[in-house]
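**Q** Protein chains in written order, with my numbering: chain A, 1 to 221; chain B, 1001 to 1354.
Some hints here could point you the wrong way.
To be verified - Here are some chain B residues pointing at chain A (derived, C-beta under 8 Å):
#1 Glu1015
#2 Arg1019
#3 Arg1023
#4 Gly1111
#5 Ile1115
#6 Gln1116
#7 Thr1172
It should be emphasised that the hints constitute simulated quantities derived from the structure, not laboratory data. The C-beta atom is built at its ideal place from N, Cα and C for all residues, glycine as well.
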Amino acid sequence: MMDTRLNIFCGHYGSGKTEVALNYAIKLAKQGKKVTIADMDIVNPYFRTADAEKILNEYGIELIASEFANSNLDMPTVPHELKKVFCDKDRTIIFDVGGDDDGAYVLGQYYSYFKDEEYSMTLVVSTKRPMTQTVEDLYEMARNIEYASRLKFTDIANNTNVGSLTDEDTLMSDYDVISGLSKKLNIPVTRQCGVPKALQKLGEEFNKFPMQIYIKMPWEG
Amino acid sequence: MSEKVLMKGNEAIGEAAIRSGCRHFFGYPITPQTELSAYMAKKMPKIGGVFLQAESEVAAINMVYGAAGAGARVMTSSSSPGISLKAEGISYIAGADLPCVIVDIVRGGPGLGGIQPAQSDYFQATKGGGHGDYHLIVFAPNSVQEIVSLTADAFNKADEYRVPVMILGDGTLGQMMEPVDFDSVPEAINTDKDWATVGTGLKREHNIINSLYLSPEELEKTIIERQNRYNIIMENEQRYEAHDIEDADIIVTAYGTTSRVVESAVKTVRAEGLKVGVIRPITLWPFPTKIFKEAAKTAKAFLSVEMSMGQMVEDVKLAVEGQAPVHFFGRTGGVIPTPQEVADEIRKIAGGLK
């Protein structure tokens, strides 16, 4: 995992980008960093970073989200205040980007900033999602996202999961696909994501990234 | 795909439809249903199917009319305002006795309303929407796994009875992700579609797909014949899930996403000692009246919880036939009731019983 100021999370719809991004933001905040999380999802109408506003407030994490996030207006806009994150160099920024290349196009307009500052762009992968289950499909998706965003992936987060039914077998079930993708893209797997219980039985050779699930369903109190 | 994958409700409808032999999809994007169209757009070309984004909802439903007339397993999907636009075509399809599957992932209304989840199109789905004496079979799943089995059933029931079938979800069901497998997808039934317009081969008379009848007597005859089929559906196709109704003082009823909230609330109040049972309608038409009549013999009160101002509650009242008071609690406009609110409502009713 690189220690960069600008941290982008991209991937397929439903690969878990938002949860990974939230967990990373909170991890950095706990280390005492000044953290901003930018909800750049222009695709997804529900279940987004802005849902976690309360927990973000608790950790003093600044949230930049479209004023229309979770509203009744279906408006794919980027918050106007987003550009400030490229100027205020004291803060660490987490970009939570919408799914696929459709969601990644939003990054392209900031190319002039990204080209002048080191960034990490993490490909969040779950092989338990339809249409991203083979090295070939994932590779194509990754290249499409890079083309749309005008940026290059720097690393992979393996977030293979089946929601509440995830156990250690799920996490490792398609590891050959993850390794194959890592080789083909020539970038390392820097995070093995999972809830602590599922990660427990994994060996130390994995870069374990313990997660909490912050986005809840309406019936989950 | 025997192992579990994580899917959005919208995607699961698409995959289940494909596995049920649907190779024709005509749609027009609208939040919160668009992932279904997007899934079909990606998958259909790979399997020799047709995905077509029409110029409007009106066009899409009439493409469904055409494909259904040719005997294809065909689907369209939309969300509330889009279903209003499709209403004319749905009535024509019902009037021509054609099978098809229509998905409605409901959002707040009326008008453009909003994009957050709602159940305020219950009336539209179960009592018309379009004009004329017709019904749709309406399935209301409450999980992504149930979406899969009901989508397959929808195609089968459509073919079996030659009626359009609607899958009625709400935005939350369409958008949420749950683990799902496709092991238990009901097999596609094979009906002999000898009425389809697939060419006579010069061996038979033309088949005609039509909903226009020049003589009132002839039109009445087709309507009565169709009604006889509806009566069979009402008798045979009522579906529900129920628990703890035998000794319940209060029966809470809800469908779709709201039923998940209700289950959470009922768990809380049962732990407090309240005798509360649940009936979850799975078919909204035909409404599962039999189980309500049965429960009304012993229950002291009913509560219908909905994301509307009170629509299904009318069918509950009709089914209960005045045997017990029927209460209502709802949030609307894209607001989901919380388990706490529902639990409070149950406690309030329980307090009034003593």
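**Q** Does each hint hold? Answer for all of them.
**A** Verification of the supplied hints:
no.	hint	verdict
1	Glu1015	7 Å, holds
2	Arg1019	12 Å, violated
3	Arg1023	18 Å, violated
4	Gly1111	11 Å, violated
5	Ile1115	5 Å, holds
6	Gln1116	6 Å, holds
7	Thr1172	7 Å, holds
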